[in-house]
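Colleague: Sequence:
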Amino acid sequence: MTVFEFRDPNLRENFIFSDHSKRLQTETNGNKRKQMINQRLFNSICRTFVVLAAACSASAQKGDTFKVFYLGGQSNMEGFGFNKDLPADLSQPMKDVYIFDGNRGGDGEPGLGVGKWEQLRPGHGTGFASDGKENKPSDRFGVELTFAKRMRELYPNDKIAIIKYARNGSGLDSLATGPFGCWEPEYKAKPNQYDFFLKTIEGAKGAKDVNGDGKADTLVFSGILWMQGEGDGSFTEEIAMEYYKNLNHLIEMMRSVFKEKDLPVVVGKISDSGNSESGIVFKNGDLVRYCQEKFVRDDKRAGIVRSTSRYSYSDPYHYDSAGYIDFGKNFADEMAKLLKK
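The sequence shown lines up with residues 0 to 340 when you count with numbering that gives the first Met the number 0.
Calculated from the structure, these hints are not laboratory results. Treat the hints with caution; some may be incorrect.
What the hints assert, rightly or not - Taking lysine to any residue and the SDA-like style, the derived pairs with C-alpha atoms no more than 20 angstroms apart in a straight line are:
hint, residue 1, residue 2
1, 148, 82
2, 282, 178
3, 158, 337
4, 66, 197
5, 293, 250
6, 207, 219
7, 340, 219
8, 244, 298
9, 115, 217
Said to hold, decoys possible - What follows is a list of derived Cβ distance ranges for each label pair:
hint, residue 1, residue 2, range
10, 247, 155, 33 to 39 angstroms
11, 177, 110, 18 to 24 angstroms
12, 219, 279, 39 to 45 angstroms
13, 214, 305, 37 to 43 angstroms
14, 212, 289, 45 to 51 angstroms
15, 188, 118, 34 to 40 angstroms
16, 130, 155, 31 to 37 angstroms
17, 285, 336, 41 to 47 angstroms
18, 177, 118, 33 to 39 angstroms
19, 205, 118, 16 to 22 angstroms
20, 236, 212, 49 to 55 angstroms
21, 247, 275, 25 to 31 angstroms
Glycine included, C-beta positions come from ideal geometry on N, C-alpha and C.
Please work from the sequences and hints to get the whole structure.
Modeller: Structure follows, in structure tokens:
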């Protein structure tokens with residue numbers, strides 16, 4: 000067999016001719032196989048890198064986790080404290096605490112329950128308003144400030160979020176509505192306070208990004224603060240005596256909304272300024288207080304704040320600024336007890 004070898008100085012291949020086989024062979028076949036294997040290995044490494052990069056990016060985009068508390072009720076939850084009376088440490092936006100405050104109003108009114116997450120600051124008392132795009136703070140505050148401050152002290156490693164919807168004068172019973180509204184979940188006549196509560200929760204959850212950093216945050220619903228009952232204590236004995244049943248039902252419904260059947264709830268016990276000709280502002284308030292105590296006694300995940308009986312008033316119905324400052328702290332301490340159980 001005669002073999003001829005041809006070398007081209009411009010090519011890396013050495014061509015070999017065989018007069019027996021009459022075929023052209025190249026020494027690069029083995030090299031090409033190696034190149035194919037190397038290319039596949041390179042592609043595999045690239046794909047792995049892309050997957051890891053995507054995972055790292057997803058991890059980097061993960062938002063924060065917030066311990067969330069709902070604040071509801073009527074005027075003494077809405078808040079009638081004056082911002083001008085606040086100490087310096089409560090007069091500024093609060094670090095790592097955010098609030099979604101639903102726009103408030105009477106049953107059937109439009110545009111209620113909408114809001115926008117923002118850093119907690121004074122101005123979420125009575126007179127606060129929101130159109131869902133812009134919050135308009137008032138010159139008043141409620142229990143949210145000292146509640147949040149105390150919770151940050153008790154849980155320094157947690158971020159706190161507050162969802163608030165409260166309506167002054169509102170009652171649980173539809174017969175205790177007056178011009179203000181009622182919280183009865185089955186009320187059908189027109190959208191009521193319970194509907195606006197649902198709207199507020201829907202808006203707060205739907206916003207996803209609580210602190211405005213562009214990342215979707217996680218909300219962990221951790222408790223309910225409820226301050227209400229003066230309205231139901233202002234009508235008949237029959238309405239006041241229904242307060243236990245109505246409160247129990249409302250809290251059960253709220254817990255189902257938050258998907259936590261054992262969600263802790265702290266009730267603020269109503270009190271009376273005595274600032275009226277009869278010496279009693281809420282004529283059947285004693286019956287409501289009895290129902291509040293019974294509710295807390297029967298519900299193992301409920302607590303009550305009783306310090307309201309010693310607060311001073313700025314008018315016949317509402318506590319003064321010092322009262323709200325103390326009230327919020329006591330709400331937090333009572334909630335912390337339940338969270339430890």
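Colleague: If a hint holds in the structure, say so; if it doesn't, say that too.
Modeller: Evaluation of the provided hints:
1. The suggested pairing of residue 148 with residue 82 holds, with an alpha-carbon distance near 16 angstroms, which does not exceed 20 angstroms.
2. Between residue 282 and residue 178, the direct Cα distance comes to roughly 18 angstroms. Compliance with the 20 angstroms bound is thereby established for this hinted pair.
3. Note on residue 158 and residue 337: the hinted pairing holds, with a Cα-Cα distance of about 18 angstroms set against a maximum of 20 angstroms.
4. Using a Cα cut-off of 20 angstroms, the hinted pair residue 66 and residue 197 holds, with the two alpha carbons roughly 19 angstroms apart.
5. For the hint pairing residue 293 with residue 250, the CA-to-CA distance comes to about 14 angstroms; that is within 20 angstroms, so the pair holds.
6. With a C-alpha separation of about 12 angstroms, the suggested pairing of residue 207 with residue 219 holds against the 20 angstroms cut-off.
7. At most 20 angstroms may separate the alpha-carbon atoms for a hinted pair to count; residue 340 and residue 219 meet this at roughly 17 angstroms.
8. As the CA atoms of residue 244 and residue 298 are separated by approximately 12 angstroms, the hinted pair is consistent with the 20 angstroms bound.
9. Restraint check for residue 115 and residue 217: satisfied, since their Cα atoms lie roughly 16 angstroms apart, inside the 20 angstroms limit.
10. Between residue 247 and residue 155, the C-beta spacing of about 35 angstroms keeps the proposed range 33 to 39 angstroms intact.
11. Between residue 177 and residue 110 the beta carbons are some 21 angstroms apart, a value that agrees with the proposed interval 18 to 24 angstroms.
12. Judged by the Cβ atoms, the range 39 to 45 angstroms given for residue 219 and residue 279 holds: they are separated by roughly 42 angstroms.
13. The hint said 37 to 43 angstroms for the Cβ distance between residue 214 and residue 305, and at roughly 41 angstroms that hint holds.
14. For the hinted restraint 45 to 51 angstroms between residue 212 and residue 289, the CB-CB distance of approximately 47 angstroms keeps it satisfied.
15. Remark: the range hint 34 to 40 angstroms for residue 188 to residue 118 is upheld by a beta-carbon distance near 38 angstroms.
16. A hinted range of 31 to 37 angstroms holds for the C-beta pair residue 130 and residue 155, which are about 35 angstroms apart.
17. Our hint of 41 to 47 angstroms for residue 285 and residue 336 is violated, since their Cβ atoms are close to 26 angstroms apart.
18. The beta-carbon spacing between residue 177 and residue 118, approximately 35 angstroms, falls within the hinted interval of 33 to 39 angstroms.
19. For the pair residue 205 and residue 118, the beta carbons lie near 19 angstroms from each other, so the given range of 16 to 22 angstroms is met.
20. At about 53 angstroms, the CB distance of residue 236 to residue 212 agrees with the hint of 49 to 55 angstroms.
21. Residue 247 and residue 275 have their C-beta atoms about 30 angstroms apart, which keeps the hinted 25 to 31 angstroms range intact.
The structure shown violates just one earlier hint, number 17.
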